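Based on the provided sequences and hints, a complete structural model is requested.
Spelled out, the chains give:
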Amino acid sequence: MNLKDLLSPFFVWQRAFEKPYTSIRPTIDRPGAPAYRGFHINIADTCVGCGSCHEICQNHAIDMVAVEEYLGREGDSGLRPRFDYGRCCWCGLCVDICTAASLRMSNEYAWISEDPTVFHFTAGVDDKPWQDNENGYRRAEGYHLYPPKRIEMEMLPANESVSSFEEVVKGYSEEQAKKEADRCVECGICVATCPAHMDVPDYIHSIRDGNYEKGLQLMYRTNPFPATCGRICTRRCESVCPVGILGEPVAIRWLKRLIVDQVDASDYQRILADTITENGKKIAVIGAGPGGMSAAYYLRKKGYAVTVFEAQESAGGMLRYGVPSYRLPDNDLDKDIDYIVSLGVEIKYNTAIGKDIKFEQLLENYDAVFMSTGLSVPSSMRIHGEDHPRVLSGLQVLADVANGRDPGIGKKVAVIGGGNVAMDAARVSRRFDAEVTILYRRRISEMPADEEEIHESQEEGCRIVQQAIPVEIVSADSEQQVAIRWGEAEMVDDPKGGRPRPVLQEDRMHTDTYDSIISAIGQGSNLDYISKEMHEEFAIEWGKFTPGEYQHTTLEKVFVGGDFANSTADAISAIEDGHHAARGIDRYLNPAAYEEK
Amino acid sequence: MKLPFGRTTSSPISTGHSASLDFAQPEPVDLASGKYVKLWQGPQHPGITGNMSLELTLDGDTIIDCKTHVGYLHRGFEKLMERRSFIQNFTVVCRIAVPEPTFNEYLYSHAVEEISGIEIPERATWLRTMNLEMMRLASFLMWIGGQGGAFGQYTVANWTLAYRDYVLDLFEEMTGARIYHMYIVPGGVRAGLPDGFEGRAREIMDGAEKLLDQIERVMFNNTVFKARSKGLAIIPPEMIDPYGIVGPNARACGVKRDLRKDEPYLAYDQLDFDIVTGTDSDAYERAYLRLQETRQCISLIRQCLDRMPMDGAFQADMPNVLHWKVPAGETYVKAECTRGEYGYYMVTDGSELVRRVHVRGPSYTHAIAVMERLAVGNNIADIAGMMVSLHTYPPEIER
Chain A
1 MNLKDLLSPF FVWQRAFEKP YTSIRPTIDR PGAPAYRGFH INIADTCVGC
51 GSCHEICQNH AIDMVAVEEY LGREGDSGLR PRFDYGRCCW CGLCVDICTA
101 ASLRMSNEYA WISEDPTVFH FTAGVDDKPW QDNENGYRRA EGYHLYPPKR
151 IEMEMLPANE SVSSFEEVVK GYSEEQAKKE ADRCVECGIC VATCPAHMDV
201 PDYIHSIRDG NYEKGLQLMY RTNPFPATCG RICTRRCESV CPVGILGEPV
251 AIRWLKRLIV DQVDASDYQR ILADTITENG KKIAVIGAGP GGMSAAYYLR
301 KKGYAVTVFE AQESAGGMLR YGVPSYRLPD NDLDKDIDYI VSLGVEIKYN
351 TAIGKDIKFE QLLENYDAVF MSTGLSVPSS MRIHGEDHPR VLSGLQVLAD
401 VANGRDPGIG KKVAVIGGGN VAMDAARVSR RFDAEVTILY RRRISEMPAD
451 EEEIHESQEE GCRIVQQAIP VEIVSADSEQ QVAIRWGEAE MVDDPKGGRP
501 RPVLQEDRMH TDTYDSIISA IGQGSNLDYI SKEMHEEFAI EWGKFTPGEY
551 QHTTLEKVFV GGDFANSTAD AISAIEDGHH AARGIDRYLN PAAYEEK
Chain B
1 MKLPFGRTTS SPISTGHSAS LDFAQPEPVD LASGKYVKLW QGPQHPGITG
51 NMSLELTLDG DTIIDCKTHV GYLHRGFEKL MERRSFIQNF TVVCRIAVPE
101 PTFNEYLYSH AVEEISGIEI PERATWLRTM NLEMMRLASF LMWIGGQGGA
151 FGQYTVANWT LAYRDYVLDL FEEMTGARIY HMYIVPGGVR AGLPDGFEGR
201 AREIMDGAEK LLDQIERVMF NNTVFKARSK GLAIIPPEMI DPYGIVGPNA
251 RACGVKRDLR KDEPYLAYDQ LDFDIVTGTD SDAYERAYLR LQETRQCISL
301 IRQCLDRMPM DGAFQADMPN VLHWKVPAGE TYVKAECTRG EYGYYMVTDG
351 SELVRRVHVR GPSYTHAIAV MERLAVGNNI ADIAGMMVSL HTYPPEIER
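As you go down the protein sequences, you meet chains A and B in turn. Residue 536 in the working numbering is what sits at position 536 of the first sequence, and the numbering runs on without skipping anything. Residue 110 in the working numbering is what sits at position 110 of the second sequence, and the numbering runs on without skipping anything.
None of these hints come from the bench; they were simulated from the model. No experiment lies behind these values; they were computed from the predicted model shown. Glycine residues also receive a C-beta, built at the ideal position from the N, C-alpha and C atoms. Some hints here could point you the wrong way.
As the list claims (entries may be wrong) - So the derived label-pair ranges between C-beta atoms look like this:
#, chain 1, residue 1, chain 2, residue 2, range
1, B, 55, A, 19, 26 to 32 Å
2, B, 84, A, 112, 38 to 44 Å
3, A, 448, B, 179, 55 to 61 Å
4, B, 84, A, 452, 38 to 44 Å
To be verified - With a straight-line cut-off of 27 Å between C-alpha atoms, the simulated DSS-like cross-links for lysine-lysine are:
#, chain 1, residue 1, chain 2, residue 2
5, B, 325, A, 149
6, A, 4, B, 226
7, B, 67, A, 4
8, A, 128, A, 170
9, A, 214, B, 325
10, A, 335, A, 301
11, B, 226, B, 210
12, B, 230, B, 67
13, A, 355, A, 281
14, A, 348, A, 302
15, B, 210, A, 179
16, A, 557, A, 301
17, A, 557, A, 544
18, A, 4, B, 230
19, A, 19, B, 256
20, A, 301, A, 282
21, B, 325, A, 178
Set out below in structure tokens:
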């Protein structure tokens with residue numbers, strides 16, 4: 001024992017005069033650190049209810065509950081996370097995985113109540129004092145729990161694609177597809193958005209498992225055109241995919257394509273194992289497009305004898321005659337159609353209703369009729385001189401090319417319109433070595449065509465002139481040419497809140513000469529095959545049907561679907577119409593099976 | 001040197017019980033004779049952070065037999081992990097050692113990364129290193145409090161436990177939480193440093209250095225502390241390997257063993273420090289060695305702040321964690337925690353769940369086999385101090 005050790009401890013007294021460490025609650029409030037993981041905040045308007053937070057929570061502290069305000073919102077499940085603070089461990093994984101970055105945490109951590117049952121709430125919906133707290137944990141920039149970027153798709157370079165009809169999109173390899181499939185968070189918002197309600201998360205899952213046969217089975221449940229839709233679908237699913245909110249959406253369309261590409265057509269019979277028990281009833285389908293063939297497939301599966309009447313020499317409708325083969329090669333379309341035909345669906349080619357067979361005859365001879373003849377008549381530009389022989393329709397050009405004929409467009413072409421047909425006509429013209437100008441009355445950003453199509457057409461050298469309104473077609477010096485007078489437009493806001501309207505500026509007019517002008521400003525239906533009286537009975541307006549429940553029309557035996565019976569006019573909607581009509585026809589012809597027991 | 005209670009530095013255990021490797025069972029005692037008393041000490045035990053019991057057989061106030069009883073904190077973490085996805089597990093592992101969650105986070109993440117072949121960015125290795133050293137500092141501060149408290153020096157306990165809260169403030173700022181930081185995640189870390197963190201961290205390090213000087217004066221240069229800890233619970237060198245003794249407990253015996261130097265991981269090969277060793281191997285020596293290591297921590301944290309890259313990625317490219325399948329594999333990863341080698345053995349089978357995780361904490365040997373051995377022959381009043389000097393945490397024994 002030495003003296004130093006005896007005295008040294010008395011040093012503690014020096015600290016008697018120091019400031020105390022502790023702060024006295026509740027007199028002094030100590031807020032959490034700026035990034036503290038405290039109570040949850042959800043920006044309910046930004047949230048899309050994907051449920052990834054619920055999925056990742058290891059404590060099952062998050063329930064997704066329906067919130068009326070958000071039900072029915074486009075790209076929104078209508079569900080919002082409800083937190084149970086009896087279970088939460090404040091790890092913040094829910095914040096990290098949030099696809100919309102709507103979920104975060106406040107730095108508040110005190111919530112006092114005598115009632116132990118109150119500690120759960122729907123963040124952002126139930127009023128809580130911390131909802132507007134600016135501090136608290138949020139996911140750091142550059143920190144991701146799933147890859148935000150999509151696996152890049154290999155494409156034919158524009159200089160090569162423009163000189164051939166070879167498919168532009170090369171498709172994923174199996175390995176690439178697995179990586180892309182890995183990005184899916186399996187929320188199912190795509191299922192709700194897809195007109196056909198395809199089981200997207202499930203077939204993406206089958207890619208991760210490498211089980212393409214299961215993927216094919218899943219797809220055929222709702223869509224007998226997977227090879228086609230895997231290439232040219234308008235993919236509304238991708239526009240709502242929550243992974244796309246902060247990054248790029250999952251490439252659902254390309255993944256669908258991969259599954260079909262991995263399975264050989266000769267294996268379809270074995271994999272899909274569609275067994276048919278004939279029920280002795282006959283159905284007539286008018287039009288072998290996606291709507292008609294989809295109805296035929298699902299009706300055939302239910303045991304109906306289906307006869308499809310097609311005016312053209314091949315089946316596919318717009319898919320074959322309206323979509324160029326660099327987007328949808330014929331053999332891929334045939335893969336879909338051949339399988340449907342292999343089930344015993346009879347197609348009568350080159351048989352136009354009204355010409356070769358009367359519509360009334362079908363009504364008489366068949367138990368039900370499904371009409372899906374689409375929109376096959378190009379809309380008129382309604383300008384003077386439109387009947388000039390050098391003014392062609394986009395649909396005609398595309399059909400000629402599909403039939404292997406030279407469309408005869410010349411070397412300098414103007415395409416009028418901003419939809420997919422316009423883009424297709426323009427890109428096809430480029431492949432016939434023409435110099436292409438696209439005239440569109442509004443701005444590029446307002447074009448109804450697929451963004452990808454617009455981009456690719458520009459890549460391939462099409463020149464887009466926006467805010468250009470055609471005024472008149474005039475004869476040119478040469479008979480082989482035609483001139484168009486067009487004026488620049490100014491965009492004027494609609495006082496009623498609609499989209500801005502282009503207004504012609506008469507002082508800024510131009511006249512250009514072209515070898516041909518391709519008009520592609522829309523198309524209408526051709527319903528000449530039904531009589532005037534029936535027109536009235538069907539209550540057709542503007543050439544379009546308004547079908548009732550299960551695609552039923554006002555006429556007892558008749559069901560309709562496809563472009564002339566829906567507002568979206570795309571393949572996937574037609575496919576769903578056909579599927580839905582098949583259900584309707586079965587309900588109509590076999591009501592006993594649907595009676596509630 | 002003559003010490004109170006009849007102990008000398010050269011003959012540490014006064015009852016004549018040798019601490020050499022004698023595996024013979026002790027003679028059974030006749031409790032009916034009335035000469036002996038059985039005493040249940042715990043599970044609220046002053047010598048430990050957590051819950052654990054000692055079953056002591058006493059002859060007067062001298063311990064002649066000691067059995068340890070654990071199980072009060074068993075939550076089955078290893079089993080829980082087999083039912084959770086790889087990302088969810090990182091929120092579980094921190095609970096395995098409450099005062100030192102970060103080592104678990106690091107080792108779990110490292111094991112997953114090793115099996116799945118993920119390389120973390122450089123910035124993440126530095127952030128992890130600093131996080132681990134901050135954890136070591138916080139844990140040592142808590143330990144000093146325990147060691148002081150066990151010998152009646154509650155003033156020191158109050159100082160360090162309070163100052164530890166300042167270190168926890170730093171954690172709160174850096175990670176978003178004070179105790180269960182959940183900061184080190186498979187693939188890297190969850191965030192970089194917040195604005196102004198460096199300045200505040202340096203300020204707290206300066207304060208900690210000052211505090212440690214004060215503690216040295218008050219606790220270590222203290223007749224009472226010296227009298228009670230010198231010569232107490234000596235671990236002889238021949239016990240080190242057979243008993244699996246690691247960390248400061250081994251280093252206080254002169255064994256130069258530190259994974260940060262022996263098998264450098266993270267950024268430790270870029271930091272300047274030496275392994276601290278002692279000679280006497282008693283409670284005082286271990287305590288003094290830990291005090292020096294606490295100072296070393298402060299220096300390492302400062303070095304990290306000086307040398308770490310302040311921008312760049314802190315997370316590797318990750319697959320979608322919602323359905324993350326780690327390839328089949330097996331690994332054992334280890335790191336030097338405050339109390340020695342901490343290890344994670346992991347087996348995966350290529351599915352979305354881990355097949356088996358085994359956690360090896362140093363407490364397993366230190367608090368059971370070593371404790372049972374060292375307790376015999378000592379005074380009951382020294383048990384708490386002796387246990388703290390081994391620095392153990394029951395939750396990591398039971399996992």
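Hint check:
For residue 55 of chain B paired with residue 19 of chain A, a C-beta distance near 45 Å fails the hint of 26 to 32 Å. Distance hint check: the CB atoms of residue 84 of chain B and residue 112 of chain A are about 31 Å apart, inconsistent with the given range 38 to 44 Å. The beta-carbon spacing between residue 448 of chain A and residue 179 of chain B, approximately 57 Å, falls within the hinted interval of 55 to 61 Å. Evaluation of the 38 to 44 Å hint for residue 84 of chain B and residue 452 of chain A yields a pass: the beta carbon distance comes to about 40 Å.
A hinted pair counts as satisfied when its Cα atoms are at most 27 Å apart, and residue 325 of chain B with residue 149 of chain A qualifies at roughly 20 Å. With a C-alpha separation of about 12 Å, the suggested pairing of residue 4 of chain A with residue 226 of chain B holds against the 27 Å cut-off. This hinted pair does not check out: residue 67 of chain B and residue 4 of chain A have alpha carbons roughly 40 Å apart, beyond 27 Å. A distance of roughly 52 Å separates the Cα atoms of residue 128 of chain A and residue 170 of chain A; the hinted pair therefore is violated under the 27 Å criterion.
Annotation: proposed proximity of residue 214 of chain A to residue 325 of chain B holds, straight-line Cα distance about 20 Å (limit 27 Å). With a C-alpha separation of about 18 Å, the suggested pair residue 335 of chain A and residue 301 of chain A falls inside the 27 Å cut-off, and the hint holds. With a C-alpha separation of about 22 Å, the suggested pairing of residue 226 of chain B with residue 210 of chain B holds against the 27 Å cut-off. Annotation: proposed proximity of residue 230 of chain B to residue 67 of chain B holds, straight-line Cα distance about 24 Å (limit 27 Å).
Proximity of residue 355 of chain A to residue 281 of chain A is assessed by CA-CA distance (about 25 Å); at most 27 Å being required, the pair is judged to hold. Of the pairs offered as hints, the one joining residue 348 of chain A and residue 302 of chain A holds, with about 21 Å between alpha carbons and a cut-off of 27 Å not exceeded. Distance hint between residue 210 of chain B and residue 179 of chain A is unfulfilled; the C-alpha atoms sit about 54 Å from each other, more than 27 Å. For the suggested pair residue 557 of chain A and residue 301 of chain A, the alpha carbons sit about 20 Å apart, so the restraint of at most 27 Å is met.
A threshold of 27 Å between alpha carbons decides the hint, and for residue 557 of chain A with residue 544 of chain A the separation of about 18 Å falls inside it, so the pair holds. About 17 Å separates the Cα atoms of residue 4 of chain A and residue 230 of chain B, which keeps this hinted pair within 27 Å; it holds. Between residue 19 of chain A and residue 256 of chain B the alpha-carbon distance is near 41 Å, which puts this suggested pair outside the 27 Å criterion. Annotation: proposed proximity of residue 301 of chain A to residue 282 of chain A holds, straight-line Cα distance about 13 Å (limit 27 Å).
For the given pair, residue 325 of chain B sits about 12 Å from residue 178 of chain A by alpha-carbon distance, which is consistent with the 27 Å threshold.
Consistency with the previously given hints fails for numbers 1, 2, 7, 8, 15, 19, ordered from lowest to highest.
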